[in-house]
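K.L.:
The lines below spell out each chain.
Number of protein chains: 2
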Amino acid sequence: MCEDCGCGDTKLVSLDVHESLLAGNDRTAAHTRAHLREDGVVAINIMGSPGAGKTALLEATAGALAGTRRIAAITGDLATERDAERVRAAGVPSKAITTGSACHLDAEMVHHALHDGIAEGVDYLFIENVGNLVCPAVYDLGQEANVVVISVTEGEDKPLKYPVMFRKADLVVLSKTDLLPALPDFDRAALEEALAHVMPNPRMLAVSARTGAGIEKWINWLEQMRETERPQTAHAHAR
Amino acid sequence: MCEDCGCGDTKLVSLDVHESLLAGNDRTAAHTRAHLREDGVVAINIMGSPGAGKTALLEATAGALAGTRRIAAITGDLATERDAERVRAAGVPSKAITTGSACHLDAEMVHHALHDGIAEGVDYLFIENVGNLVCPAVYDLGQEANVVVISVTEGEDKPLKYPVMFRKADLVVLSKTDLLPALPDFDRAALEEALAHVMPNPRMLAVSARTGAGIEKWINWLEQMRETERPQTAHAHAR
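Top line first, the protein sequences correspond to chains A and B.
All residue numbers for the first sequence refer to the numbering used here, where the first residue is 1 and numbers rise by one.
All residue numbers for the second sequence refer to the numbering used here, where the first residue is 1001 and numbers rise by one.
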């Protein structure tokens, strides 16, 4: 814990505790993943800075999938249920996790949130993490894929400056492209170069939740996730 | 440490460790603050999301204070020295702290960065924290004031969703106001209401580092910081 929060002078004290905590988190995440796979639910962990447009992407996704796919959402924030309320208003059953002062969700929080059956019978479960470009990357939640949302206003160098997050990303969604006319200096090639530098398998889609531009490609990516072979885990109840 | 990273299942294990770590951090911060006060240096801790415009604010500040005030900067990032390079290019002596996977600066890192004398003889020391709207708020660095930068694209509800950060802010700088014509739905009153809800003494300035709008008011605020009575601490070397 202290290790990934990085207090340099506390590494010796915290390393053992941290490793056992992460191992416990990973066990819970594996358990959740096994259950979700059994039930045919594709879980997507959506991460990004505060204000990157994670909730707006969920709202646009709800609209685009309405009538064809059943979806549910878990939204994480330090305080308020505003994101869950927004997603609910878009027609998606949603559960809020308020973390207090915690900068990320963990597998136990998600496992607990699933216990009331919100993901039963759905095709996709979207887990909107706490807005943060550092801490959430470390915690497996039981998802099939990590998506990092970055808006066109955040700067092309963010993947280089926050490599841990982007290294874990299966897909980067470049959001708020409707603002590009107001950003004459935005350099997409520089962003793609930065992503290529840190992502093992660089993939980026550009979208505007406001205008709907690019949402179809995002939906196609989600549908591809369903077609990917996902191994059934034998011992979902083994923990 | 674990406490503010919020792993619910580890609170008992981590609470004692966390409290003693924070106490150690606070001692180092008090030591730094005493030294800086003795030397007439006003230290400002600049926090905010990745891409909020912290470095751009420093660049604009460098331009506005050139020839009247001497300033230095410490910039924190997980990786790269890009921010320090940008601030140096604006004529400001700058030292980069790269934190690896750590989501915030701490007092020890800042104290160490100051040891080569970068703040000697300056009027202002700007400490640009790691881009993060959660973790940096917990760590005193020895600053006189906390400034939180939030851009007009981040959403008016951020103070309610990240209250810990805004509760600690002495000033909020609303950045990138040049983008407002492209954001017809931006609701400044809603943002101010949210700030009033969480800040003990709500203060906000709106700026555009790109056009220079509002920078004069920001400079005035900085100058007021110099005029505030700051108690000299007797035992700067007592730790």
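Errors might be hidden in some of the hints.
[Unchecked claim] Covered by chain A, according to a simulated footprint, are these stretches of chain B (three or more residues, beta-carbon under 8 angstroms): (1) 1030-1041; (2) 1044-1054; (3) 1131-1139; (4) 1160-1174; (5) 1178-1192.
[Stated by the list, open to error] In silico lysine-lysine, BS3-like type, Cα no more than 30 angstroms apart, as pairs: (6) B/1095 with B/1168; (7) B/1168 with A/95; (8) A/168 with A/217; (9) A/217 with A/95; (10) A/168 with B/1095; (11) A/95 with A/168.
[Claimed, not checked] Far from chain B, by Cβ distances over 10 angstroms, these chain A residues were calculated: (12) 17; (13) 29; (14) 34; (15) 37; (16) 51; (17) 77; (18) 88; (19) 115; (20) 120; (21) 144; (22) 145; (23) 154; (24) 181; (25) 213; (26) 217; (27) 219.
I should point out that these hints are in silico values taken from the structure, not numbers from a laboratory.
We put the beta carbon where it would ideally sit given N, CA and C, even for glycine.
K.L.:
If we take the beta carbon of residue 51 of chain A, is the closest beta carbon in chain B still more than 10 angstroms away?
P.N.:
violated, 3 angstroms
K.L.:
Against chain B, does residue 29 of chain A hold up as non-interface, every C-beta pair farther apart than 10 angstroms?
P.N.:
holds, 13 angstroms
K.L.:
Between the stretch 1160-1174 of chain B and chain A, see if three or more residues pass the 8 angstroms beta-carbon test, and mark the coverage as holds or violated.
P.N.:
With 5 residues in contact (Cβ-Cβ under 8 angstroms with chain A), the coverage given for the stretch 1160-1174 of chain B holds.
K.L.:
Can you confirm whether chain A covers the stretch 1030-1041 of chain B, using C-beta to C-beta distances below 8 angstroms and requiring at least three such residues?
P.N.:
violated (count 0)
K.L.:
Taking the minimum C-beta separation from residue 154 of chain A to chain B, is that value above 10 angstroms?
P.N.:
Check fails; 3 angstroms does not lie beyond 10 angstroms.
K.L.:
Checking a non-interface call: every C-beta of chain B should be farther than 10 angstroms from the C-beta of residue 77 of chain A. Is that right?
P.N.:
violated, 5 angstroms
K.L.:
Against chain B, does residue 34 of chain A keep a CB gap of more than 10 angstroms to every residue?
P.N.:
It holds; residue 34 of chain A is separated from chain B by about 20 angstroms at its closest Cβ, greater than 10 angstroms.
K.L.:
Is the nearest Cβ of chain B still more than 10 angstroms from the Cβ of residue 120 of chain A?
P.N.:
Holds, because the least Cβ-Cβ distance between residue 120 of chain A and chain B comes to about 24 angstroms, which exceeds 10 angstroms.
K.L.:
Do three or more residues from the stretch 1131-1139 of chain B put their C-beta atoms closer than 8 angstroms to C-beta atoms of chain A?
P.N.:
Holds: 6 residues of the stretch 1131-1139 of chain B have a Cβ under 8 angstroms from chain A.
K.L.:
Would you check the hint for residue 1095 of chain B and residue 1168 of chain B, treating anything up to 30 angstroms between C-alpha atoms as holding?
P.N.:
holds, 25 angstroms
K.L.:
Tell me if the straight-line CA distance from residue 95 of chain A to residue 168 of chain A falls inside 30 angstroms.
P.N.:
Distance of about 25 angstroms is within 30 angstroms: holds.
K.L.:
Can the restraint linking residue 217 of chain A and residue 95 of chain A be considered satisfied, given a maximum Cα separation of 30 angstroms?
P.N.:
With Cα atoms ~27 angstroms apart, residue 217 of chain A and residue 95 of chain A stay inside 30 angstroms; holds.
Comparing the model with each numbered hint stated earlier shows that hints 1, 12, 16, 17, 23, 24 do not hold.
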